[in-house]
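Trainee: Use the sequences and the hints to build the structure in full.
Its first residue numbered 1, the sequence shown is counted upward by one per residue in UniProt numbering.
Mixed in with the good hints, there may be bad ones.
[Stated by the list, open to error] Straight line, CA to CA, 30 Å or less: simulated BS3-like cross-link-like pairs of lysine-lysine:
id, residue 1, residue 2
1, Lys64, Lys24
2, Lys64, Lys17
3, Lys16, Lys58
4, Lys13, Lys58
5, Lys66, Lys17
6, Lys58, Lys17
By construction, these hints were calculated from the structure, which means they are not laboratory data.
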Amino acid sequence: FSIELRTRDRERKLIKKIEKTLQKIEEDDFGFCDSCGIEIGIRRLEARPTADLCVDCKTLAEIKEKQMTGA
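Mentor: Set out below in structure tokens:
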């Protein structure tokens, strides 16, 4: 039962990311980092089309998250 809930939650989050990506495409803002504004590399977008952070900003966000959670 809890696995099903986690799966649904993951699906909802993915749908939100897809909707956000479609909105960015409509606004001609797709492919730019939400944090620093530079272009997100094509290889990253090919691997993860819903990426909203460049590799550097994503790495920094992950480091900050680990520091906050103590992992």
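Trainee: Now look at each hint and say whether the structure bears it out.
Mentor: Hint by hint, here is what the structure shows:
Restraint check for lysine 64 and lysine 24: satisfied, since their Cα atoms lie roughly 26 Å apart, inside the 30 Å limit. Of the pairs offered as hints, the one joining lysine 64 and lysine 17 holds, with about 21 Å between alpha carbons and a cut-off of 30 Å not exceeded. In summary, the hint linking lysine 16 to lysine 58 is supported, as the alpha carbons are separated by about 18 Å, within the 30 Å threshold. At roughly 17 Å between alpha-carbon atoms, lysine 13 and lysine 58 fall within 30 Å of each other, so this suggested pair holds.
For the given pair, lysine 66 sits about 22 Å from lysine 17 by alpha-carbon distance, which is consistent with the 30 Å threshold. Under the criterion of a C-alpha separation no larger than 30 Å, the hint pairing lysine 58 with lysine 17 is consistent with the structure, at around 15 Å.
Checked against the numbered hints above, the structure violates none of them.
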